[in-house]
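Work out the full structure, taking the sequences as your base and the hints as a guide.
The listed protein sequences derive, respectively, from chains E and A. Read in order, the letters of the first sequence correspond to residues 1 to 302 in my numbering. Read in order, the letters of the second sequence correspond to residues 1 to 250 in my numbering.
Heads up, none of these hints are tricks.
Covered stretches of chain A, going by a simulated chain E footprint (3 or more residues, C-beta under 8 Å):
| # | stretch |
| --- | --- |
| 1 | 1–9 |
| 2 | 45–51 |
| 3 | 209–222 |
| 4 | 230–239 |
Examples of chain A residues toward chain E, derived with CB under 10 Å:
| # | residue |
| --- | --- |
| 5 | 38 |
| 6 | 69 |
| 7 | 70 |
| 8 | 225 |
| 9 | 226 |
| 10 | 227 |
It is worth saying that the hints were derived from the structure and are not from the lab. Where a beta carbon is used, it is the ideal one built from N, C-alpha and C, also for glycine.
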Amino acid sequence: MADLRVNICGVELKNPVIPASGTFGFGREFDGIYDISVLGGVATKGLTLEPRLGNPVPRIAESRGVILNAVGLQNPGVEAFIEHDLAWLKSKTRVVANVAGRTLEDYAGICARLDGLVDFIELNISCPNVRSGGMAFGIRACDVKEVTHVAKSALKKTPLIVKLSPNVESIAANARAAEEGGADCISLINTLTGMAIDIERRKPIIANNTGGVSGAGVKPIAVRMVYEASHAVTIPVIGMGGITCAEDAIEFLMAGASAVQVGTQNFTDTLACPKIIQGISAWCDRHGVEKVSELTNTLKLN
Amino acid sequence: MREVTATVLENVQIAENIYSLTFATEEEISVRPGQFCMLGVAGYPLRRPIAICKAERKRFTVCYQLKGGGTKSLATNYTKGEKLSVLLPLGNGFFVKPEEKKVAIVGGGVGIFPLISAIRAFAGEKEIFAYMGFRNKEAVCMEYEMQRGKSLTLCTDDGSLGFHGNAVQAFMKEVNEVRPDVVLSCGPTPMLRALKAAMQGRDIPTFVSLEERMGCGIGACLVCVCDRTGGTNARVCKDGPVFEIGEVEL
Ligand SMILES: Cc1cc2nc3c(=O)[nH]c(=O)nc-3n(C[C@H](O)[C@H](O)[C@H](O)COP(=O)(O)OP(=O)(O)OC[C@H]3O[C@@H](n4cnc5c(N)ncnc54)[C@H](O)[C@@H]3O)c2cc1C
Ligand SMILES: Cc1cc2nc3c(=O)[nH]c(=O)nc-3n(C[C@H](O)[C@H](O)[C@H](O)COP(=O)(O)O)c2cc1C
Ligand code: FES
Numbered sequence: 001m002a003d004l005r006v007n008i009c010g011v012e013l014k015n016p017v018i019p020a021s022g023t024f025g026f027g028r029e030f031d032g033i034y035d036i037s038v039l040g041g042v043a044t045k046g047l048t049l050e051p052r053l054g055n056p057v058p059r060i061a062e063s064r065g066v067i068l069n070a071v072g073l074q075n076p077g078v079e080a081f082i083e084h085d086l087a088w089l090k091s092k093t094r095v096v097a098n099v100a101g102r103t104l105e106d107y108a109g110i111c112a113r114l115d116g117l118v119d120f121i122e123l124n125i126s127c128p129n130v131r132s133g134g135m136a137f138g139i140r141a142c143d144v145k146e147v148t149h150v151a152k153s154a155l156k157k158t159p160l161i162v163k164l165s166p167n168v169e170s171i172a173a174n175a176r177a178a179e180e181g182g183a184d185c186i187s188l189i190n191t192l193t194g195m196a197i198d199i200e201r202r203k204p205i206i207a208n209n210t211g212g213v214s215g216a217g218v219k220p221i222a223v224r225m226v227y228e229a230s231h232a233v234t235i236p237v238i239g240m241g242g243i244t245c246a247e248d249a250i251e252f253l254m255a256g257a258s259a260v261q262v263g264t265q266n267f268t269d270t271l272a273c274p275k276i277i278q279g280i281s282a283w284c285d286r287h288g289v290e291k292v293s294e295l296t297n298t299l300k301l302n
Numbered sequence: 001m002r003e004v005t006a007t008v009l010e011n012v013q014i015a016e017n018i019y020s021l022t023f024a025t026e027e028e029i030s031v032r033p034g035q036f037c038m039l040g041v042a043g044y045p046l047r048r049p050i051a052i053c054k055a056e057r058k059r060f061t062v063c064y065q066l067k068g069g070g071t072k073s074l075a076t077n078y079t080k081g082e083k084l085s086v087l088l089p090l091g092n093g094f095f096v097k098p099e100e101k102k103v104a105i106v107g108g109g110v111g112i113f114p115l116i117s118a119i120r121a122f123a124g125e126k127e128i129f130a131y132m133g134f135r136n137k138e139a140v141c142m143e144y145e146m147q148r149g150k151s152l153t154l155c156t157d158d159g160s161l162g163f164h165g166n167a168v169q170a171f172m173k174e175v176n177e178v179r180p181d182v183v184l185s186c187g188p189t190p191m192l193r194a195l196k197a198a199m200q201g202r203d204i205p206t207f208v209s210l211e212e213r214m215g216c217g218i219g220a221c222l223v224c225v226c227d228r229t230g231g232t233n234a235r236v237c238k239d240g241p242v243f244e245i246g247e248v249e250l
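Structural data, given as structure tokens:
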């Protein structure tokens, strides 16, 4: 049996597979189907300081090999999460608290609130920045550095993961900006902005008009971006985007990731994460790989 | 709620654009009336939510209308012996209190299918008055199942069979005579809105089963919400699909 443990920023995960933010709630519903303590960790639904109701419906659409979503960060607020879910989730597995905000102060506030309570904080910077006229924090390298610095300054104990947006000019530049801003780790990719149209109604299917594209079809883009980002920084990388099976996850590890997240596939196959964990283990055994961590960044370019 | 591999026993057309699909499962599944399942259709990232019409020990039946790619693939690619992954049973389902003896059932379009499970479940112990609406005569199906109650009024939009009009209109003509203790409904939103308006001030508990696009189907992703009166929202897949009609904005 291969050793599946990975160590990220000094925190040990029992395996490198983490369900991605927004597809897994706080884990309770999936725990009704399988014991989520088999997971390396859980990335929570995006949390904000105040509860949010999110966007109007429809919030989801499908296109070949991908889905689009615009949930709009509906969540009960960080206090409700701490009160009702955190202790339970911690008793199960590592907690990656995904957080979002509208202003730099929001990010500082929520990071300060969660510092020391969770295993990682994952900064979702694909949210509109009120002060920049709604342009997302994660687009320009200078903004990435600034929001990372503000978040990091609010943290004394918990390692900071900055989750990069793929809707950018240079993923390498933004990865570097996150590292310079003080990130302990980066994760990518968040969703790509897209649109799907109902031609009978001549209207976008999603009420929000545009939505974030995810699922199997985005994988080659995500693998390329993980490769470029991981070669631009020295901090660890968590890779995601279109992972459906163990072989997909292994591509991300080889491209430079130390762990992976699985999002959309949780919808397609509720048991996706445990199957991927087993599949990685079996692949390692077949290939004589003793430790899964040995796979990271082993790509040989042509 | 669990994920099972189901084997197709039969997948047959029962009306214009409507198919009935019966599965066998390895384990017994217990399902409440009004609960649904999510069918995994190969090649489609999202599972399709479909009401469970009938469930008997190790087999269950769903009825689906051809809409887009997913349901078309179901009709063409899933012949006897094919397997698919199904998540079930999902949602809350219909609850009728022991003291509620007379149950009115008001359905339209694909909304008749979850109601058939209610008719089957309650027919023995309750007096059921069913009002079921279809576009036209060709669309009528499952009459045998709908007839299990005390009365069945079929309605067609074009008057080609039964009552000329929709199920809400047919029901409202008889509501004072029937005096139901509870109303269960499912159908297109305009129909549910008409029912809500018509039931206003009548003091008869009325429950509706809602539809919304879904991601996870189990309450985790917050994709499928409906507005609650009072400014909050609820997950159709987990808190519903059945809601008290006054509790939701339609
Ligand atoms: C709780 C519930 C029970 C249902 N029960 C039945 C039933 O018993 N019989 C039946 O014929 N239909 C039922 N529906 C509607 C059925 O889910 C859709 O018609 C079906 O998903 C369409 O899939 P498609 O691939 O053919 O269409 P497409 O339009 O290609 O589907 C694209 C995406 O939109 C979703 N979608 C499209 N229309 C709907 C809709 N009306 N509701 C929810 N999602 C939708 C699909 O699931 C898919 O994710 C039910 C819906 C819900 C929410
Ligand atoms: C329904 C849905 C909700 C999401 N919500 C969030 C969120 O709250 N915060 C976040 O950082 N990413 C969110 N994401 C993005 C995912 O975490 C992930 O980055 C993306 O879906 C790519 O992975 P995948 O292709 O495996 O789904 C969401 C994705 C989906 C499908
Ligand atoms: S479909 Fe995910 S919460 Fe309802």
